[in-house]
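In the order they appear, the protein sequences are chains Y and A.
Mapping of the first sequence onto the numbering used here: residues 59 to 111, in sequence order.
Mapping of the second sequence onto the numbering used here: residues 10 to 415, in sequence order.
Rather than coming from a laboratory, the hints here were simulated on the basis of the structure.
Treat the hints with care, as some may be off.
Stated by the list, open to error - Computed footprint of chain Y on chain A, listed as stretches where at least three residues anywhere in the stretch have a Cβ under 8 Å from a Cβ of chain Y:
| no. | segment |
| --- | --- |
| 1 | 52-60 |
| 2 | 223-230 |
| 3 | 290-302 |
| 4 | 330-342 |
A virtual CB, placed ideally from N, CA and C, is assigned to each residue, including glycine.
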Amino acid sequence: MNIKKYEIIKPTTINPIELGYEESYNKQIDPTVKQLMDMSQMQIAHNILQDTM
Amino acid sequence: MPWSGSDILNVQDLQGKKHKVILETNSCPSGAKDLPSADFTTINDSAYAKILQATLLPKIKDEKSDLAVIWDKNKVETRNYAQVLANLTQRDVHYVPLFNQTDMQDLNFNPHTLGFNDEKIAGAFRYVTQGPWKRISVNTSTPMTNPIIACLAGGRNKLLAAKAYEQFNKKDSDLKISLPYTSSELSKEEVIKTLKEWEYGVVKLPYSNAGQGVFTITSEKDLKDFRERVDNDKTLILQQLIGYGDIRSNGSMTPLTHIGSLVDGKRYATDIRMMVINGKHENGESGYHPVSMYARKAENPLEDLTNPNIASWDVLGTNLSELTGREEESNRKTWATHNDRRIVVTKEQFPSLDLSIEDLVDTYIQAVQANFAINEMANYLMKDGTFQKERFEELNGDHSIMEDLI
């Protein structure tokens, strides 16, 4: 018989805030970083074009 | 390479012009846990879910078999990837430590089809960082993020990363990857000779990571340490040292110094980890997108670079991982993490980096270009799902790695 030497993870309920860690746990993201993370590809492309012109 | 994290320095030249310079690009990057979580309303808001949804899930065709997370480092994040993967797919996820050959035997692991104890796996998320090609076949057809070729093509191989960047920068385009001036495939003696011209430099071993095998050389003591610790037959990479004040590489390159971060009135060398994904996103867009970021500062402030009693690595090295030894029974490597030097992008900590949205876009673009370059190299090295060994041997100056490939 094979004995599992590792864990099997099953679907469960997660509070998404728990996916933070120490300093990031339940902390607010800086608005400048949020602006980057929320940018669409068109917005980023527009930004690059302005940079290279 | 659908997922990567680039380590990027915010630096300036002697005219005060800012540059974002790629230090290296990692194919198993940490950083998903660092995205501040207060605004997460569902797990889909997390970097974990975005990475899995864009890069792994679209590749999984087998709708029944279990999935796996295979790992050898970063238990916090890998455990979270496994949980999020289970929740997103509503399937069981095998959370498999694969540190060494002993683990492979104990688990009856098949490195070609990624099966465990003869159980088939529909797809795997891989966070195996230490020579992953020794434990998982580059030719495996099991869907996996990231595939092993991502590591060989530059994600864990600094020799080929340098070549991938060089090829990218040869293109007729205004977009270029900013890099420290680099001489690769040097012998130890060639490094020492070149350092006489440059005065200062950074020497890297090709396949090491997490700050291991990197030597910052600013003094005779550093040079002696490098001479003693590195074997004569190693193939090495020498890079321009980005320093502070007059302590920086000189030669035929543009001298660069750190802007870094300002913490408690002191300036520190700091690198930015920018994590990007390339795939199909929740909002319907396809292609590249930023997914997480954080920064890491050195232990001592830049002003200490002139202090002969302080090691240059403590002023210029930004890695948080420190190899502390090996476990007695399993021989697994053990690591400590210096979280006190981590800068998370919260409202409180991010301002110390003094980065505008333009700076962030520049940083992101550098990370995308680095990923793109390594991806092109990976595509060149794989043909119809088969590793092109001859092409790899031709490009990779160090042939000793061939013996390690499964």
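Right, here's what the structure says about each hint:
Note: the segment 52-60 of chain A has 4 residues with beta-carbon separation from chain Y under 8 Å; the three-residue rule is met and the coverage holds. Proximity of the segment 223-230 of chain A to chain Y, defined as three or more residues with a beta carbon under 8 Å from a beta carbon of that chain, is not established by the 0 residues found. For a cut-off of 8 Å, the count of residues in the segment 290-302 of chain A with a CB near a CB of chain Y stands at 8, and the three-residue condition holds. Counting residues of the segment 330-342 of chain A whose C-beta lies closer than 8 Å to any C-beta of chain Y gives 0; at least three are required, and the coverage claim is violated.
Violated hints, listed in ascending order, are 2 and 4; each of the other numbered hints is respected by the structure.
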